[in-house]
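Chemist: Letter by letter, the chains look like this.
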Amino acid sequence: MARDVINQKINDAFLRKALKNFAAAYPVARAKAFEGIDFEELRGRIAAFKKEGLGQLPELVEEFRASAEQAGATVHLCTTPEDANRTILDIIRSKGADFLVKSKAMTSEEIELNHYLEKHDIRCLETDLGEWIIQLAGERPSHMVMPAIHKNREDVAELFSRETGKECPPDIPYLVQVARETLRSGFLTGQVGLSGANVAIADSGAIGIITNEGNGRLVTTLPQTHIALIGVEKIVPSLAEALDVIEILPKNATGQKITSYVSFIKGPTGGEGRELHIVLLDNGRLKLAADPDFSEALACVKCGACANVCPIYEIVGGHVFGHIYVGGIGLVLTPFFHGFDKAEEILKLCIGCRKCNEVCAAKIDIEGLIVDLRDKIKKPVGQKFLFGTLMKNRKLFHTALRAAYIAQKPFQGKGGRIRHLPLILNRETANRSLPPIAEKPFRDLILEQSESRVPSPQPREKVLFYSGCLADFVYPEMCQDTVESMEALGYEVSFPQKQTCCGIPARYSGEMEVARDMARINMEVLLEEEADFVVTICPTCTMSIKHDFPKLLAGEPAWREKAELLASKTFNFSELAARKAGTGDIRMGSGNGEMQTVTYHDACHLKRGCGVHEEPRKVLRELVGVEIAEMTDCDKCCGFGGSYAIKYPEISQEVLKNKMENIAATGAKTVAVDCPGCKLQVEEGLEAGGTGITVEHSASLLARRLKKG
Amino acid sequence: MVGQFATAAEAVGATVKRFTTLSEAITSLRELVSGRSVAASSLPDSVHSLIAPLHFASRNMLDQAEVGISFAQAGIAATGSVLLELSAPTERSATALPPVHVVLLRASTIVPNLAALRDTLQAALSANGGRYLSLITGPSRTADIERVLTIGVHGPKELYLLIIEGE
Ligand code: SF4
Ligand code: SF4
Numbered sequence: 001m002a003r004d005v006i007n008q009k010i011n012d013a014f015l016r017k018a019l020k021n022f023a024a025a026y027p028v029a030r031a032k033a034f035e036g037i038d039f040e041e042l043r044g045r046i047a048a049f050k051k052e053g054l055g056q057l058p059e060l061v062e063e064f065r066a067s068a069e070q071a072g073a074t075v076h077l078c079t080t081p082e083d084a085n086r087t088i089l090d091i092i093r094s095k096g097a098d099f100l101v102k103s104k105a106m107t108s109e110e111i112e113l114n115h116y117l118e119k120h121d122i123r124c125l126e127t128d129l130g131e132w133i134i135q136l137a138g139e140r141p142s143h144m145v146m147p148a149i150h151k152n153r154e155d156v157a158e159l160f161s162r163e164t165g166k167e168c169p170p171d172i173p174y175l176v177q178v179a180r181e182t183l184r185s186g187f188l189t190g191q192v193g194l195s196g197a198n199v200a201i202a203d204s205g206a207i208g209i210i211t212n213e214g215n216g217r218l219v220t221t222l223p224q225t226h227i228a229l230i231g232v233e234k235i236v237p238s239l240a241e242a243l244d245v246i247e248i249l250p251k252n253a254t255g256q257k258i259t260s261y262v263s264f265i266k267g268p269t270g271g272e273g274r275e276l277h278i279v280l281l282d283n284g285r286l287k288l289a290a291d292p293d294f295s296e297a298l299a300c301v302k303c304g305a306c307a308n309v310c311p312i313y314e315i316v317g318g319h320v321f322g323h324i325y326v327g328g329i330g331l332v333l334t335p336f337f338h339g340f341d342k343a344e345e346i347l348k349l350c351i352g353c354r355k356c357n358e359v360c361a362a363k364i365d366i367e368g369l370i371v372d373l374r375d376k377i378k379k380p381v382g383q384k385f386l387f388g389t390l391m392k393n394r395k396l397f398h399t400a401l402r403a404a405y406i407a408q409k410p411f412q413g414k415g416g417r418i419r420h421l422p423l424i425l426n427r428e429t430a431n432r433s434l435p436p437i438a439e440k441p442f443r444d445l446i447l448e449q450s451e452s453r454v455p456s457p458q459p460r461e462k463v464l465f466y467s468g469c470l471a472d473f474v475y476p477e478m479c480q481d482t483v484e485s486m487e488a489l490g491y492e493v494s495f496p497q498k499q500t501c502c503g504i505p506a507r508y509s510g511e512m513e514v515a516r517d518m519a520r521i522n523m524e525v526l527l528e529e530e531a532d533f534v535v536t537i538c539p540t541c542t543m544s545i546k547h548d549f550p551k552l553l554a555g556e557p558a559w560r561e562k563a564e565l566l567a568s569k570t571f572n573f574s575e576l577a578a579r580k581a582g583t584g585d586i587r588m589g590s591g592n593g594e595m596q597t598v599t600y601h602d603a604c605h606l607k608r609g610c611g612v613h614e615e616p617r618k619v620l621r622e623l624v625g626v627e628i629a630e631m632t633d634c635d636k637c638c639g640f641g642g643s644y645a646i647k648y649p650e651i652s653q654e655v656l657k658n659k660m661e662n663i664a665a666t667g668a669k670t671v672a673v674d675c676p677g678c679k680l681q682v683e684e685g686l687e688a689g690g691t692g693i694t695v696e697h698s699a700s701l702l703a704r705r706l707k708k709g
Numbered sequence: 001m002v003g004q005f006a007t008a009a010e011a012v013g014a015t016v017k018r019f020t021t022l023s024e025a026i027t028s029l030r031e032l033v034s035g036r037s038v039a040a041s042s043l044p045d046s047v048h049s050l051i052a053p054l055h056f057a058s059r060n061m062l063d064q065a066e067v068g069i070s071f072a073q074a075g076i077a078a079t080g081s082v083l084l085e086l087s088a089p090t091e092r093s094a095t096a097l098p099p100v101h102v103v104l105l106r107a108s109t110i111v112p113n114l115a116a117l118r119d120t121l122q123a124a125l126s127a128n129g130g131r132y133l134s135l136i137t138g139p140s141r142t143a144d145i146e147r148v149l150t151i152g153v154h155g156p157k158e159l160y161l162l163i164i165e166g167e
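In order, the protein sequences belong to chains A and B.
By the working numbering, the letter at position 371 of the first sequence is numbered 371, and the numbering carries on one by one without gaps.
By the working numbering, the letter at position 17 of the second sequence is numbered 17, and the numbering carries on one by one without gaps.
These are calculated hints, taken from the structure and not from any lab test.
Heads up, the beta-carbon is just placed ideally off N, CA and C, and yes, glycines get one too.
Careful: at least some of the hints might be erroneous.
[Claimed, not checked] No farther apart than 25 Å at their CA atoms in a straight line, the calculated lysine to aspartate or glutamate pairs in the DMTMM-like style are these:
| id | chain 1 | residue 1 | chain 2 | residue 2 |
| --- | --- | --- | --- | --- |
| 1 | A | Lys32 | B | Glu85 |
| 2 | A | Lys657 | B | Glu10 |
| 3 | A | Lys32 | B | Glu24 |
[What the hints assert, rightly or not] Derived CB-CB ranges, DEER-like:
| id | chain 1 | residue 1 | chain 2 | residue 2 | range |
| --- | --- | --- | --- | --- | --- |
| 4 | B | Ser108 | A | Phe99 | 41 to 49 Å |
| 5 | B | Leu54 | A | Arg162 | 38 to 46 Å |
| 6 | B | Leu54 | A | Asp291 | 41 to 49 Å |
| 7 | B | Leu54 | A | Ala66 | 39 to 47 Å |
| 8 | B | Arg59 | A | Arg162 | 47 to 55 Å |
| 9 | B | Arg118 | A | Ala66 | 30 to 38 Å |
| 10 | A | Lys376 | B | Glu10 | 35 to 43 Å |
| 11 | B | Glu10 | A | Gly611 | 46 to 54 Å |
| 12 | A | Glu167 | B | His55 | 51 to 59 Å |
| 13 | B | Ser58 | A | Phe99 | 22 to 30 Å |
| 14 | B | Gly129 | A | Pro557 | 54 to 62 Å |
[Stated by the list, open to error] Here are some chain B residues the structure puts well away from chain A; computed CB gaps all over 12 Å:
| id | residue |
| --- | --- |
| 15 | Ala14 |
| 16 | Val16 |
| 17 | Thr20 |
| 18 | Ser23 |
| 19 | Val47 |
| 20 | Ser49 |
| 21 | Leu86 |
| 22 | Glu91 |
| 23 | Ala115 |
| 24 | Ala116 |
| 25 | Leu133 |
| 26 | Pro139 |
| 27 | Thr142 |
| 28 | Glu146 |
| 29 | Lys157 |
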């Protein structure tokens, strides 16, 4: 993505404010809308029937076609955007019309219908207020549900003044009234109306349309001919499934319990001369539905929630974070609907925080699909060497990291932090302050200590410590603290020297083969030695071991079995520590008597990658003995995302700013985290801001507490 | 359930009035109309005869009507929605074009939630020929400019729900 475009969005004060306000208001409204409804059950049902339906999409299409035609509609199945555009043009011409009045349809954006029709001298009028604003501005929607969220009242007043030839003040009720009056004549004179649909019902041939403004009902009522342009994936077997979609969509989209209007239309109504044409759009969907790896993407009901919660969307908006379809699912659908060339850049913009997965109405693994798609795009030059040769060879990789210790020396500033990185990284890390690579990684420290370690006399649960590269090479003391805490909690700990990178950086960069190799190497190392558990202090590594290893090796039964065994005994530090809270294995001293207050930042991959969020709090309260002052959006991404912070420093820094504000508001002097990446990122922000607030891994807090006795 | 219906409907900007008898509701309706021109979607005969004296806009001038009048088939308590079957375009126009829409609703037809309306909807959609059903919840609204909620963009600006609780 061109940096100037990203920067332009970052510096667009109105856009930033609008998206930030929305990001704050949305979760509250959404929670209220779902009161008394079991969201997980509802979306579980939707995911299940969508999956089944996509497995038999061609049959559903035929069933829908037969019932809709039975009810008097004409159904056109169009394979390509060109087909669909031409079909619609032919219908309009067959009515002798030259004017099309439209309500909102993302499918129309997808095939760029207005552009096509206008080339053929058919005038198009968008009547959804947001779409009309966008049409007048000659832009594309920046959100699937709120297309003009990036426009302020002044922009709208200017557009309306130009369009109506009357001076319009930037007053919202006034502008809405202008739209009502101006568009009314469009409805009354439109010869053909075009709508989309939110669902299509196979057994009855009916379609369901939900709107708030009421334009959808006028577009499907006043003109004699109604064209509905619908993606084939919208077809559901029966009314029961359609009602589930209607139940969830407005709640997830804007936090409304239901929209003002929900209409079911079956066949043409109104007698002689009335026609209903249903244009079913394929555009790659039938092929995608049969794709075992990516068909899940078509379960999307287009609620836009994945954009609403996305920390990156909040910073750059939909004109950057997406193509025609925006938000997380926009990244996924773009290659299939518009081609991989259009998707290459945007697929890299996801930071991998999995917020979208948490709210998705169809329970799609959006983040997983984004990562898997990166394997299919062009990789940057040099990446192959980096991952294929360097990272796969543990000795070479670790030698390179040791060499970096020496290379960084001249660049270290006050407190040992690196102000400027050498060579190629210089431009992108300008103004960043990074912690240095340690003189001695943890793997060396522990070797030196191993002779002096006395094995415990009683048998203890044995734990293998998998530290992850960042902690090993940048935060060796964090690893040391982990070993000390674990031992104090009654575990026997050992560190297998042959462990290496978990492969996540390779996987995130689309190097799946390398990721597979890394998985195999680590599995051998971690299963070689008998142990009850494997403990990690980096949730990205845990997620990788627990979820990615089995997934990456799903096709190789012998490896898959090993992967599942390893997954079943791998845990985050806080999970294993929390087991010991209140068990009597550990006697907490009184410390220095005063109760300290910390605030807790949930790492994305701990909360949503591993489903762990209670245990860390239990560890802090019951073992470390501190109080927690919760911050707003405690589980929202800090902006690190591994190499993301280096690839997109501008975005990463903006995401970090939000975190800083929320931390400062708690008044706590310490931020507890369970991830070395979060520590790196948050610490940088706090240091740069001169706040005096420190960031500590829970393991370090616990070790320190235990030392105090 | 009527209470829940009323609360939900009012939360989205509808005005709810509760009556014991149909004739009380009609009296209130007449006051609401207060001489303005009306358009109606299909009404039960009993209701039709009671409102016959009102001034009806002519069928081809429905965009001039000032008040639309409907009789709902059902209501949904959870959302304050009403279900209207509007299979003739003129009926839809009567509910979509005028700035004011008044809907009569029998309390006995209110169901708890959307799912509970399934059989009613299914029956209508299974019947032969074309069908057009609308669930209406509150007045027409938009938040497309700066996410500021604004009432009355293309459809009615005011929605009155007159509930008949007795026979
Ligand atoms: S994983 Fe996070 S950054 Fe990526 S699309 Fe989802 S919400 Fe956005
Ligand atoms: S992917 Fe999920 S959250 Fe995003 S628009 Fe589709 S259904 Fe909604």
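Chemist: None of the hints should be skipped; say for each whether it holds.
Modeler: Here is what the structure says about each hint:
1. A threshold of 25 Å between alpha carbons decides the hint, and for A:Lys32 with B:Glu85 the separation of about 30 Å lies outside it, so the pair is violated.
2. Pair hint A:Lys657 plus B:Glu10 does not hold up; C-alpha atoms about 40 Å apart against a cutoff of 25 Å.
3. For a cut-off of 25 Å, the pair hint linking A:Lys32 to B:Glu24 is broken: about 36 Å separates their Cα positions.
4. Under the hint 41 to 49 Å, the C-beta atoms of B:Ser108 and A:Phe99, about 46 Å apart, fit the expected range.
5. Between B:Leu54 and A:Arg162 the C-beta distance comes to about 42 Å, which sits within the given range of 38 to 46 Å.
6. For B:Leu54 and A:Asp291, the Cβ-Cβ distance of about 60 Å falls outside the hinted range of 41 to 49 Å, so the restraint is violated.
7. A beta carbon spacing of about 44 Å between B:Leu54 and A:Ala66 agrees with the range 39 to 47 Å that was offered as a hint.
8. As the Cβ distance of B:Arg59 to A:Arg162 is approximately 37 Å, the hint placing it in 47 to 55 Å is violated.
9. The hinted window of 30 to 38 Å between B:Arg118 and A:Ala66 is violated, with their beta carbons roughly 22 Å apart.
10. For A:Lys376 paired with B:Glu10, a C-beta distance near 52 Å fails the hint of 35 to 43 Å.
11. Between B:Glu10 and A:Gly611 the Cβ separation comes to about 40 Å, which falls outside the hinted range of 46 to 54 Å.
12. Look at A:Glu167 against B:His55: about 37 Å separates their beta carbons, and that is not inside 51 to 59 Å.
13. In this structure the hint that B:Ser58 and A:Phe99 lie 22 to 30 Å apart at CB holds, the actual value being about 25 Å.
14. Taken as a hint, the range 54 to 62 Å holds for the pair B:Gly129 and A:Pro557, whose Cβ atoms sit roughly 56 Å apart.
15. Not every CB of chain A is more than 12 Å from the CB of B:Ala14 (nearest about 10 Å), against its label as outside the interface.
16. Here B:Val16 stays apart from chain A, with its beta-carbon at least about 16 Å from theirs, past the 12 Å limit.
17. Look at B:Thr20: its CB is around 28 Å from the nearest CB on chain A, clear of 12 Å, so calling it non-interface holds up.
18. Look at B:Ser23: its CB is around 30 Å from the nearest CB on chain A, clear of 12 Å, so calling it non-interface holds up.
19. Against the 12 Å criterion, B:Val47 stays outside the reach of chain A, whose nearest CB is about 22 Å from its own CB.
20. For B:Ser49, the shortest C-beta to C-beta distance to chain A comes to about 26 Å, beyond the 12 Å cut-off, and the non-interface label holds.
21. With a cut of 12 Å on Cβ distances, B:Leu86 falls inside the contact zone with chain A, its closest approach being about 8 Å.
22. Look at B:Glu91: its CB is around 9 Å from the nearest CB on chain A, not clear of 12 Å, so calling it non-interface is violated.
23. Separation of B:Ala115 from chain A is inadequate, the least Cβ-Cβ distance of about 6 Å not exceeding the 12 Å criterion.
24. For B:Ala116, the condition that its CB be more than 12 Å from all CB atoms of chain A is violated, with the nearest at approximately 10 Å.
25. For B:Leu133, the non-interface assignment is contradicted: its Cβ lies about 4 Å from the closest Cβ of chain A, within the 12 Å cut-off.
26. Its beta-carbon lying about 7 Å from the closest one in chain A, B:Pro139 breaks the requirement of being farther than 12 Å from that chain.
27. Distance check for B:Thr142 against chain A: the nearest CB is about 5 Å away, which does not clear 12 Å, and the non-interface claim fails.
28. A beta-carbon of chain A is positioned within 12 Å of the beta-carbon of B:Glu146; the least distance is around 6 Å.
29. In this structure B:Lys157 is not separated from chain A by more than 12 Å, as the shortest Cβ-Cβ distance comes to only about 9 Å.
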